[in-house]
Structures are given as structure tokens and as C-alpha cells.
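Protein sequences appear in the order of chains A and B. Numbered according to the working numbering, the first sequence spans residues 1 to 115. Numbered according to the working numbering, the second sequence spans residues 116 to 228.
Keep in mind that the hints are not guaranteed to be accurate.
Taking lysine to aspartate or glutamate and the EDC-like style, the derived pairs with C-alpha atoms no more than 20 Å apart in a straight line are [stated by the list, open to error]:
#1 A:71 / A:85
#2 B:209 / A:57
#3 A:71 / A:86
#4 B:178 / A:56
#5 B:209 / A:56
#6 B:227 / A:57
#7 B:209 / A:68
#8 B:186 / A:56
#9 B:172 / A:57
#10 B:215 / A:14
#11 B:174 / A:56
#12 A:44 / B:120
#13 B:215 / A:85
#14 A:44 / B:154
Derived by calculation from the structure, the hints in this document are not laboratory data. Remember, it's a predicted structure, so these values are computed and weren't measured experimentally.
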Amino acid sequence: EAGVAQSPRYKIIEKRQSVAFWCNPISGHATLYWYQQILGQGPKLLIQFQNNGVVDDSQLPKDRFSAERLKGVDSTLKIQPAKLEDSAVYLCASSSNRGQVNEQFFGPGTRLTVL
Amino acid sequence: SQKIEQNSEALNIQEGKTATLTCNYTNYSPAYLQWYRQDPGRGPVFLLLIRENEKEKRKERLKVTFDTTLKQSLFHITASQPADSATYLCALVKRAAGNKLTFGGGTRVLVKP
Numbered sequence: 001e002a003g004v005a006q007s008p009r010y011k012i013i014e015k016r017q018s019v020a021f022w023c024n025p026i027s028g029h030a031t032l033y034w035y036q037q038i039l040g041q042g043p044k045l046l047i048q049f050q051n052n053g054v055v056d057d058s059q060l061p062k063d064r065f066s067a068e069r070l071k072g073v074d075s076t077l078k079i080q081p082a083k084l085e086d087s088a089v090y091l092c093a094s095s096s097n098r099g100q101v102n103e104q105f106f107g108p109g110t111r112l113t114v115l
Numbered sequence: 116s117q118k119i120e121q122n123s124e125a126l127n128i129q130e131g132k133t134a135t136l137t138c139n140y141t142n143y144s145p146a147y148l149q150w151y152r153q154d155p156g157r158g159p160v161f162l163l164l165i166r167e168n169e170k171e172k173r174k175e176r177l178k179v180t181f182d183t184t185l186k187q188s189l190f191h192i193t194a195s196q197p198a199d200s201a202t203y204l205c206a207l208v209k210r211a212a213g214n215k216l217t218f219g220g221g222t223r224v225l226v227k228p
């Protein structure tokens, strides 16, 4: 089966500009996650969707970050305006709802550099 | 505050030896714990899951232990190979937290031939 797809793979922007990332999860996976991974650290969950509803966005900086998953399939994450500290890899992951415990499948990530 | 700690120093090990990584947590009561592997430029890949009522789990050359009294998980790679070189991440899930993972910082392993 095809894995989690993300685009673009790399993005360089100036601070105060806007940027958007796209994710297409594994077919049939109801749950979609966006993580931020700063260099040398583990991934940090930004937002979790169940189908097209938000389950957890407690760590999403809502003054500048937004995400949507309108049809319960693919998703976009937007940053507006970007700050220098937003430089990181943004990972998308998905999981199925079969069983109580589900491994997460990660995409390759989008490396964002804010200058 | 809640903390998940992994050794931030890289682990250098000779091929054929056993690599042992630690994951310690404080102020946490995880229902289960997962280990992931991450290669440079790639997303994490799931390796193993262990529940709070399990002491040990094995998968091929990998072994994970989980001690809820010590609040620690150990991850072992036996008969290590250069292809095992990567960063290994532990992730905890709290009870009633859905499938929300909280990751440690990861430990980089370098297996030398």
C-alpha cells in the first residue's frame, strides 16, 4: 500500500511570510496527525484529526498555525505569519482505528527554513 | 512537570555487540510505550509496542522491557549491524488519551563495522 505523502519536501521562506503544507494519509486511515520536529528533538504533536474533526489541538499555536481536513482525507497545515523559531520538519502521520492500539505511519516530512 | 528522557549522547557500538538504549519518564502513567526508528531525512518508523502490564517484548533482534516501578523502558538491539545505525525514539501514550503519542528526544546509534 502507498505510504503517507507530503509536499513540498523543502521550503525556504522569509519571516512574516505564509506557508502551507499538504498531507495525503494512507487510504482508509481515519486518524491524521501533524507533528513539528525541531532539529535534535523528538516530534511534538500539533494537531490530531479523527476523520474531519479535531481531537486534540492543545499544542497548536493558534495565533499563527491552522490546519484543516475538510473531506476527512487529505489535510493542509498553514503558518501565517512565520517566525524564525518555526524552522523545523513538519511530519504528517496517519493511523487506522482497528483495535485499541494503533501504530502511526509517518510521511517523509517537509523541512521548513525561515530566514 | 512530565518528562520523557532519552540519552542525548550518540551511542557508538561495534558490529555484533548489543546496543542498549534507555527511556526514562517522570510524572507519567503510560498505558503503553512504543519505539520508533528514524533515519536522516525520513519520518519515524514503528518498531515495537509494549503495554503497561507486559514486562518484555521481542521482535527478531529487538527486545523491549518496561518497568513501571522504575519508570523506565530499555530497548536492546542484539547482534547489531551497520544497517541498524539510526535514531531511536520512544513514545508514551497515557490512559484515555486516544492514540496521542508523546515522544522522547531520541538516541542516535552508530554501529561500526
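Notebook entry, point to check: Which hints from the list above does the structure break, by number from lowest to highest?
Noted result: 1, 3, 4, 6, 7, 8, 9, 10, 11, 13
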